[in-house]
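From first to last, the protein sequence lines stand for chains A and B. All residue numbers for the first sequence refer to the working numbering, where the first residue is 552 and numbers rise by one. All residue numbers for the second sequence refer to the working numbering, where the first residue is 34 and numbers rise by one.
No lab work stands behind these hints: they were computed from the structure. Keep in mind that the hints are not guaranteed to be accurate.
[Stated by the list, open to error] Only pairs whose alpha carbons sit at most 30 Å apart, straight line, appear in this in silico BS3-like list of lysine-lysine:
#  : chain 1 : residue 1 : chain 2 : residue 2
1  : A       : K770      : B       : K76
2  : A       : K772      : B       : K76
3  : A       : K772      : B       : K227
4  : B       : K227      : A       : K770
5  : A       : K789      : B       : K125
6  : A       : K703      : B       : K125
7  : B       : K227      : A       : K703
8  : A       : K811      : B       : K76
9  : A       : K703      : A       : K816
10 : A       : K789      : B       : K138
11 : A       : K703      : B       : K76
[Unchecked claim] Label-pair ranges, simulated between beta-carbon atoms:
#  : chain 1 : residue 1 : chain 2 : residue 2 : range
12 : A       : A672      : B       : G225      : 50 to 58 Å
13 : A       : K770      : B       : V47       : 29 to 37 Å
14 : B       : D203      : A       : V608      : 52 to 60 Å
15 : A       : G760      : B       : T193      : 53 to 61 Å
16 : B       : D205      : A       : K770      : 36 to 44 Å
This one's a predicted model, so the numbers in the text were calculated from it and none came from an experiment. Just so it is clear, CB atoms sit at the ideal spot from N, CA and C, and this is done for glycine as well.
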Amino acid sequence: MHPAFSVIFLTTLIGAGQGFFLALYTGQLDSVFKLLPEQDPVHFYALGSLITLVLLVAGLVASFFHLGRPERAWRSAARWRTSWLSREVIALPALMGSVAAWGLIHYLGWNPVLFSFSTGAEIDLSLLVGGVATLLCFALFLCTGMIYACIKMLQEWATPLTVVNYTLFGGASGFMLATAFAAWQGSGLVNFFGIWSIILTVLVFLTRGASLFRNARLKHKSTLETAIGIRHAGIQQKGQGAMAGSFNTRHFFHGASPRKYKSVKWVFLLLVFPLPLLLVSAGLSAGSLGLLVAAFLVQYIGLLMERWFFFAQANHPQNLYYQTV
Amino acid sequence: MTQLALVIDLNVCVGCHACVTSCKEWNTSGTAGWLADENPYSKDPTGTFFNRVQTFEVGQFPNTETVHFPKSCLHCEDPPCVPVCPTGASYKRESDGIVLVDSEKCIGCSYCSWACPYGARELDEHQKIMKKCTLCVDRIYDESLPEQERKPACVMACPTEARLFGNVNDPDSEVAIAIRESGGYQLMPEWGTKPANHYLPRRKASITIHEDELVRADNPLKKERKLPMPDVEDPTLDEISSW
């Protein structure tokens, strides 16, 4: 598949936004049960929700560049019964709304206690709204992953690992950002977020490694024989019905040289996994904000390349019909 | 249920591209808007087509065979492009099984083209919406046309009658008989899309003749002069047998 930058930015930005929100909400939830220190509602949660919203909106804006007719984008919520893309179109604004509400509750301090446990832990309104947003975060990860995983013709994507990877990549980069954010705010959650960002990065290294391993051994179901229905081992295409390119050659081939293709893979493996792990560990032990910010940025750039490779690696069966001009 | 479709006879197709030009000519003036053509007379010409004739060479020289292979939307009975469409612009008609794109609803996200294993859908460069074969839905029901012309433009154009059009679910239709009696098959059956369009394979007009059939070993030997001619006075086979 030809990697579209609109979709690369959409998936990486909203992934980081979702992960960042999940980090903040985990912090809040743990502080209710006195596992972690409480944070300032305005400077930590309200500002955090603003950053989440900036990431989600930036992703949404990027997604519009993928559409031929962006002015009709509102129509895309219609087929949520069958289309994962449609479900994503619903889940994303719903998440934005609930994150905005969560931030606003913290900002205005309009946070009545709904009920309390006998241990003294109090469940307030922001915790409830944040809980809804958390569910929507996971729903959005599921939708984003399933958009790719549900296309069974793209065998490189048609695996539950796709959904797992999208979720864990978003979580890892979101927690990286949360670590830097907590360090900037001088919050006591730096180590908590930092350790979870390391755990998530290691986890996604395992699951993405598993999908790379799987894809390297993939046997494609379609061949030229099934494509044109002629049983013969030696079929060659001599003409594709067009003298130059067509939509089919532009949209479904990555067009990069084998060298570029291979180097993107190794560079993303370097930028997403070992480098941020080193930077975040160094940043945590040195208490350096610069290193923690660098860890997030390096991993984000790596994720852009990871997403490029994710698209480029997918081999569409229609390519069998477009081997030579 | 009616399922209109094309049956394409690869045994007859000569790869003349008449179906391609006829399709383009008819559909570029269709209700969904014209079919884009970029740089038609300069470097890197590209454009939107509903139908393309591709050419494949089967075998190693000198034992090769050139197969011309017209490819358009196969109007699958279980079309994977329809459920993925977020707007409902991509749909399959209940009445005749034609898969269409509503040009007013399509947002040009190209997601349907990902789901189609055949590459039958093309995004129009100018209108930025998805385009595909309509089986000339604006022709086949047009009562202002004489009845014999109510067929897709490609079928009308084919000089070798390699393209048949009809309801594949009606066992007595021309297309159903062709599929049944000439070994019609579907493309990429592995995806379970159940394409309505079928292809008829290359067929060789050959029979197997054994040596004993060449000399007519049973009767009459004398015709081959393997035995001396019988005397004219001798009784013939007809005279001595009871048939």
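Hint by hint, here is what the structure shows:
1. Restraint check: the Cα-Cα separation between K770 (chain A) and K76 (chain B) comes to about 37 Å, which exceeds 30 Å; the hinted pair is violated.
2. With a C-alpha separation of about 36 Å, the suggested pairing of K772 (chain A) with K76 (chain B) is violated against the 30 Å cut-off.
3. Restraint check for K772 (chain A) and K227 (chain B): satisfied, since their Cα atoms lie roughly 16 Å apart, inside the 30 Å limit.
4. Of the pairs offered as hints, the one joining K227 (chain B) and K770 (chain A) holds, with about 22 Å between alpha carbons and a cut-off of 30 Å not exceeded.
5. Distance check on the hinted pair: K789 (chain A) and K125 (chain B) sit about 33 Å apart at the alpha-carbon level, beyond 30 Å; violated.
6. Using a Cα cut-off of 30 Å, the hinted pair K703 (chain A) and K125 (chain B) holds, with the two alpha carbons roughly 20 Å apart.
7. A hinted pair counts as satisfied when its Cα atoms are at most 30 Å apart, and K227 (chain B) with K703 (chain A) qualifies at roughly 15 Å.
8. Under the criterion of a C-alpha separation no larger than 30 Å, the hint pairing K811 (chain A) with K76 (chain B) is consistent with the structure, at around 27 Å.
9. Between K703 (chain A) and K816 (chain A) the alpha-carbon distance is near 23 Å, which keeps this suggested pair within the 30 Å criterion.
10. At most 30 Å may separate the alpha-carbon atoms for a hinted pair to count; K789 (chain A) and K138 (chain B) exceed this at roughly 37 Å.
11. Straight-line distance between C-alpha atoms of K703 (chain A) and K76 (chain B) comes to about 36 Å, which puts the hinted pair past the 30 Å bound.
12. Taken as a hint, the range 50 to 58 Å holds for the pair A672 (chain A) and G225 (chain B), whose Cβ atoms sit roughly 52 Å apart.
13. Here the CB-CB span from K770 (chain A) to V47 (chain B) is close to 36 Å, well matched to the stated 29 to 37 Å.
14. Between D203 (chain B) and V608 (chain A), the C-beta spacing of about 54 Å keeps the proposed range 52 to 60 Å intact.
15. Distance hint for G760 (chain A) and T193 (chain B): a CB-CB separation of about 54 Å, consistent with the stated range 53 to 61 Å.
16. In this structure the hint that D205 (chain B) and K770 (chain A) lie 36 to 44 Å apart at CB holds, the actual value being about 42 Å.
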